[in-house]
Structures are given as C-alpha cells and as structure tokens.
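S.K.: Letter by letter, the chains look like this.
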Amino acid sequence: MSITRHDSGPLLSLAVEHGDTVYLAGIVAKNLKNDIKGQTEEVVAEIDRLLAKAGSNKSKILQATIWVNDIRHRAAMNEVWTKWVDPKNLPGRACIEAKLADPNALVEIMVTAAR
Amino acid sequence: MSITRHDSGPLLSLAVEHGDTVYLAGIVAKNLKNDIKGQTEEVVAEIDRLLAKAGSNKSKILQATIWVNDIRHRAAMNEVWTKWVDPKNLPGRACIEAKLADPNALVEIMVTAAR
Amino acid sequence: MSITRHDSGPLLSLAVEHGDTVYLAGIVAKNLKNDIKGQTEEVVAEIDRLLAKAGSNKSKILQATIWVNDIRHRAAMNEVWTKWVDPKNLPGRACIEAKLADPNALVEIMVTAAR
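Protein chains in written order, with the working numbering: chain X, -6 to 108; chain E, -6 to 108; chain F, -6 to 108.
Be aware that one or more of the hints could be misleading.
Since copy identity is lost for identical chains, a pair holds within one copy or between any two.
[To be verified] In silico lysine-lysine, DSBU-like type, Cα no more than 35 Å apart, as pairs:
| # | residue 1 | residue 2 |
| --- | --- | --- |
| 1 | 81 | 51 |
| 2 | 23 | 46 |
| 3 | 76 | 26 |
| 4 | 26 | 46 |
I should point out that these hints are in silico values taken from the structure, not numbers from a laboratory.
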C-alpha cells in the first residue's frame, strides 16, 4: 500500500495516508491565548483541513486521543467536540490529562481516520 | 472499506470496525468504588464484550494503551492483565500515568485489534 | 489478514504485524542511567531493530506517540529524533508528558508503521 505524507515540517507530518487509513499528528492550536473552547475550535478546524487533504472527513474518524492539560477543562472541550463530530458517525475516543509541549496549549487531539 | 460503529453514545462509539481492524474507545469501569484490580477486571470484561461485538477477540489485539491514575498501581493492574491476555498472542502495549476524566477511575485501556 | 508477533514476553509483544501495518509496543531504554539523549538514542535503535524484524523501517513510520517524564526534556529528545527520522518521510507525532513505569525512564516511544 502506498504512503502519502502531507504538511511535513522539521519534526513530523501533519497527516499520513496509508492505503485506506489516514494518521494525523497531535494537533494543537496556534493561537494559545484563547481559552479551552477557542483552542478546541481551532484544533478541530485544522483536523477538518487535514482530513480533507488526505481524502477523508470527520464522519470517517475511527479513533481519537484527546489530551487536556487540566482534566477540569474536559467539559468545555466536550461542548466543542459535540458540536463538531458527526453524531451518526462517532469515533472511539480517550480523553486524559497531560502536560503538553507549550504550557499555554490547553488541548491536543490526535486522530486516525478511514479514507 | 466499510466502517461499522457499535455502542455509540453522545460523545463516542465504544467500538469501530474498519475493514480488518477494530478500534475501541478508552474503556473505564462503571463501578468506581472498586480497587485497581476490580476496575481492571471490569475494563477487560468490557473489552471482551466489545471485541466480540466487532467480530474480534483478545487473541487478536494488536496494540493497547493503558493509563493508570497512579503509576504505582501498575503492578496490581498487571496481575489482572496477565491473567486476561492470551499468552500466545500478546499485543504491543504502553502503560503510562495520567489523570482520567473521573478522579475515581483508576485505569483506562484503549485497544486496536484485528478482526 | 495474518498476524505475526515478535519478541513476546510475559506482558506484551514488542512488535505485531497485521497485514501491511506493524504496531510496536511503547519502547523504553534499558540503560536508565543515561540522560534523555542517551535514552532516546537507545529507544530509536530498538525501534529500528523491531521494525526491521517486522519487515519495515523508519521511512515507513505512520504515527508516533512520545511520552517524556518531564516536558522540559522535549527539546533534547527532539535533537535525537531529528537526527534519526527520515526527513523525507516524517510520521504523524504527538509528544506529551507522563510518568512512566520506571521513575528513571525518561522517554517512551510507541510507533505504528507500514510494512
């Protein structure tokens, strides 16, 4: 199966196609002054962009890992998540707390999707 | 390849089939008054149930991520894990510490399996 | 699709082939007296060894999860990562902080690759 990589920087590719599956990097917001809701909105918009580039979309997400830097932010993150996901095509998901690379990054989401 | 989702709630699906692969959500116990061993037993029983629903079983697990809310619980979790897994068909695995959504949840396990 | 497991111990297999995909365990260094750079070098060498055993190599890595036990070690880990990865074939990646099984383990890396 062929591998196609998108948006490759010095450390990683933001999306990697492998056959019928696409693996995204952990996505964080760029505007780190926003609160958890604003950051989550930016993250899911970027996931939409990357999935489209890789021939997929949010209705095809298979599994998501969500790291929040404070587990008490989970409810606010979930508000944005619930508005964003396709309610008829919900992925598997884990949401746990972890310190992220930038102390001002409040949420990071990494998904695997079908193409 | 077709996608089939099982046990979908408001936030996520507990299991998602994609071709020959099945992606589970991170599973936590419902009875959070149990100790780490009791919670792990409930988690692996639920994984058994979900894998069966998706046409798989524990002998086909490919990769597992295990979060414990206190890394000192790893040994007790491993006792249950070792009794549960198919010793001839062990998956790849990572076990790390993380705060989980509910402070009384002591362990969360997310697996990917073959069908 | 067939499943082939490599280097299976009491708890896990270090590598699992499933069709065109290979799932590795979270890899930590054995020499835990080394600093973050030394430990990362040992981890990526072990990943190279396991990928080769499973018919893959670092140019085919699809997604990597990197746990560091202190997020301030990320820059030093990245120095080793950048020298190691194939710059024309970079994987998706997330790097977060987590306590690992051994308090002296500074980094753990789990990858999924194409075969």
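S.K.: Broken hints, numbered, in rising order?
M.R.: none
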